[in-house]
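Just so you know, the sequences run in chain order X and A.
Sequential numbering from 1 applies to the first sequence in this note's numbering.
Sequential numbering from 321 applies to the second sequence in this note's numbering.
Mixed in with the good hints, there may be bad ones.
Straight line, CA to CA, 20 Å or less: simulated SDA-like cross-link-like pairs of lysine to any residue [what the hints assert, rightly or not]: (1) LYS552(A) / SER21(X); (2) LYS248(X) / SER576(A); (3) LYS568(A) / ALA229(X); (4) LYS552(A) / GLU100(X); (5) LYS618(A) / PRO592(A); (6) LYS552(A) / ARG269(X); (7) LYS552(A) / THR246(X); (8) LYS248(X) / ALA549(A); (9) LYS248(X) / LYS568(A); (10) LYS568(A) / GLN101(X); (11) LYS248(X) / LYS552(A); (12) LYS248(X) / LEU573(A); (13) LYS568(A) / SER256(X); (14) LYS552(A) / LEU13(X); (15) LYS552(A) / ASP93(X); (16) LYS552(A) / PRO121(X); (17) LYS248(X) / SER640(A); (18) LYS568(A) / VAL251(X); (19) LYS552(A) / THR50(X).
Just so you know, these hints were derived from the structure itself, not from any lab.
Quantities reported herein were computed from a predicted structural model and do not represent experimental measurements.
There are 2 protein chains.
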Amino acid sequence: MRGLWLENNQINLRDDLAIPSNFDEALIKVRLAGICGTDLEMVKGYYPFTGVPGHEFVGEVVAVPAGASQGWVGRRVVGEINAVCGSCEQCRDGRPTHCEQRSVLGILNRGGVFAEYVSLPLENLQLVPEAVSDDAAVFAEPLAAALEIQQQVQIRPNDRVLVIGAGRLGQLIAQSLALTGCGLGVVARHEAQQHLLASRGIRILAEAEVQTWRWDVVVEATGAISGLALAKRALRPRGTLVLKSTYKGEVSLNLSPFVVDEVTVVGSRCGPFAPALRLLELGLVDTRPLISARFELKDGLAAFAEAARLGMMKVLVQCS
Amino acid sequence: MRGLWLENNQINLRDDLAIPSNFDEALIKVRLAGICGTDLEMVKGYYPFTGVPGHEFVGEVVAVPAGASQGWVGRRVVGEINAVCGSCEQCRDGRPTHCEQRSVLGILNRGGVFAEYVSLPLENLQLVPEAVSDDAAVFAEPLAAALEIQQQVQIRPNDRVLVIGAGRLGQLIAQSLALTGCGLGVVARHEAQQHLLASRGIRILAEAEVQTWRWDVVVEATGAISGLALAKRALRPRGTLVLKSTYKGEVSLNLSPFVVDEVTVVGSRCGPFAPALRLLELGLVDTRPLISARFELKDGLAAFAEAARLGMMKVLVQCS
């Protein structure tokens, strides 16, 4: 089959890839896949990975494991990206996304979605409601990641919530947090980002406008150390700082203010798909303006180049 | 009056200090004061402070502001160390220990307790129950700090809780956490520390015995970066790491595992006095074995030297 292949930090288009043949998993024909910041960082070599990258997708089930309901075949699905063992302590204790033996779609020990076909355990799949277009469904995974914030931290309607960073993920975070009725502000550097937020009526702040010791909850979504410093400064004592991005390598940090101000810091990663699909079905999150460009799989390398340009939002790849 | 005086990282005994004369505060004759890790660090110059150091004390009220009840006079008291404005945003929002204009007893813009007399706002004082000896009451402040952990984080009886560090504060943390019935383990390096824990039936672990990804809650109470690394390793995904010490200067840290494992980090500082006094009154926390040495105020410098010796627990100074 055709697909993108990442090896030694080189990404190539290949036509000789084997169709996944895990007989205990569902085989899915990928319809549409999205390029995420993690994909771009993998290409830059920040994570070691060999194989087909990509983990945001919507596809159609073409085969199921023996004994499974044939009702799945032909259905549109999205998929939870962590494939888990079910028997380690994390799985048994109800934290499957933290499975100690997990593989992660297009990220860790498992081929991803920038290809014609992908396989995933049937239990990872979620049917896409009729009313959710492919263009919307392909955002289910990053929207789930945005919703993980509210899965972890209670956002009270009366809270002042600051989001720092308004890129691909930051936009979905801002849209989902706005639904809580909280006092939301977003620090967005680029004009295109500001425009998208303004069109949703979301308040935009310049960095210089961010008050010190003021915000109940701050979400850091830039992945830059300057964003983290701004977040700490903005947060009120005993407030909650959500880390929604990873930081490259070692970071130099004065931890004393975190202790003195009794701050809570919460790391946040993958989230729940079902509520993401519900919000998309209800039309409460609008993904259309977040699509910057669209490429065929044969032009996948150009898609990656385009996605890496500053200020780009979501670049989609039509895989079949 | 007599007292210790800290200036330019030099600590001296002086007999010419003015008795505090804040007419809107209570004047307290200090009976007993305790030397804390923070005091030792101030002498080393880690915090800039000029004045009488010390914030752990039990004393007797000798004068109250005009108009206040004379019933206070002659009573034994301990005192909340943060003196607050009552009108800033933090005070108004119910976080008085985070008052933006606060002074802190013997730490920030306010003379402390290694002297014959000290003054504090009346609202900071807590009466000491009859059954609580001076030797116990002097631990009210650090025990309150230990209890701040449970004020911030729900410790479930079924939780596995690891405390790293078993010094002055670590011992009080361990004793108070043991009362929850949780599965408690303490990493204690020094034999004297281990002995104290063993006498309370508290489980001691060597660093090498600490399992990876295992503990629901980990309390870091060493203030050393090696303790922080051990804490992160021990913590299960989505677990809670309580930072109960500050770290000197900038710390180099890889934050990505905190995000990937969705860890919650909680900074923890000053705590509630009333429950500390209740536990002391009920005899549920035993402070007697934690007293390493006792000095007269005239020998205060020797007291500080003794407290700085490795493995020393609480050194007390009899101030009047």
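Cross-check of the supplied hints:
1. A threshold of 20 Å between alpha carbons decides the hint, and for LYS552(A) with SER21(X) the separation of about 38 Å lies outside it, so the pair is violated.
2. Among the hinted pairs, LYS248(X) with SER576(A) is consistent with the structure: their alpha-carbon atoms are about 8 Å apart, no more than 20 Å.
3. Distance hint between LYS568(A) and ALA229(X) is fulfilled; the C-alpha atoms sit about 18 Å from each other, no more than 20 Å.
4. With a CA separation close to 16 Å, the supplied pair LYS552(A) and GLU100(X) stays within the 20 Å bound.
5. Using a Cα cut-off of 20 Å, the hinted pair LYS618(A) and PRO592(A) is violated, with the two alpha carbons roughly 31 Å apart.
6. Straight-line distance between C-alpha atoms of LYS552(A) and ARG269(X) comes to about 17 Å, which keeps the hinted pair within the 20 Å bound.
7. Under the criterion of a C-alpha separation no larger than 20 Å, the hint pairing LYS552(A) with THR246(X) is consistent with the structure, at around 16 Å.
8. Of the supplied pair hints, the one linking LYS248(X) and ALA549(A) holds, its CA atoms being roughly 18 Å apart against a limit of 20 Å.
9. Simply put, LYS248(X) and LYS568(A) have alpha-carbon atoms about 23 Å apart, too far for the 20 Å limit, and the pair is violated.
10. With a CA separation close to 37 Å, the supplied pair LYS568(A) and GLN101(X) exceeds the 20 Å bound.
11. For the hint linking LYS248(X) to LYS552(A), the alpha-carbon distance of about 18 Å falls within 20 Å, and the restraint holds.
12. A threshold of 20 Å between alpha carbons decides the hint, and for LYS248(X) with LEU573(A) the separation of about 11 Å falls inside it, so the pair holds.
13. A hinted pair counts as satisfied when its Cα atoms are at most 20 Å apart, and LYS568(A) with SER256(X) qualifies at roughly 8 Å.
14. Distance check on the hinted pair: LYS552(A) and LEU13(X) sit about 40 Å apart at the alpha-carbon level, beyond 20 Å; violated.
15. About 19 Å separates the Cα atoms of LYS552(A) and ASP93(X), which keeps this hinted pair within 20 Å; it holds.
16. Of the supplied pair hints, the one linking LYS552(A) and PRO121(X) is violated, its CA atoms being roughly 31 Å apart against a limit of 20 Å.
17. A threshold of 20 Å between alpha carbons decides the hint, and for LYS248(X) with SER640(A) the separation of about 56 Å lies outside it, so the pair is violated.
18. In summary, the hint linking LYS568(A) to VAL251(X) is supported, as the alpha carbons are separated by about 15 Å, within the 20 Å threshold.
19. With a C-alpha separation of about 28 Å, the suggested pair LYS552(A) and THR50(X) falls outside the 20 Å cut-off, and the hint is violated.
Of the hints listed earlier, those the structure fails to meet are numbers 1, 5, 9, 10, 14, 16, 17, 19, in rising order.
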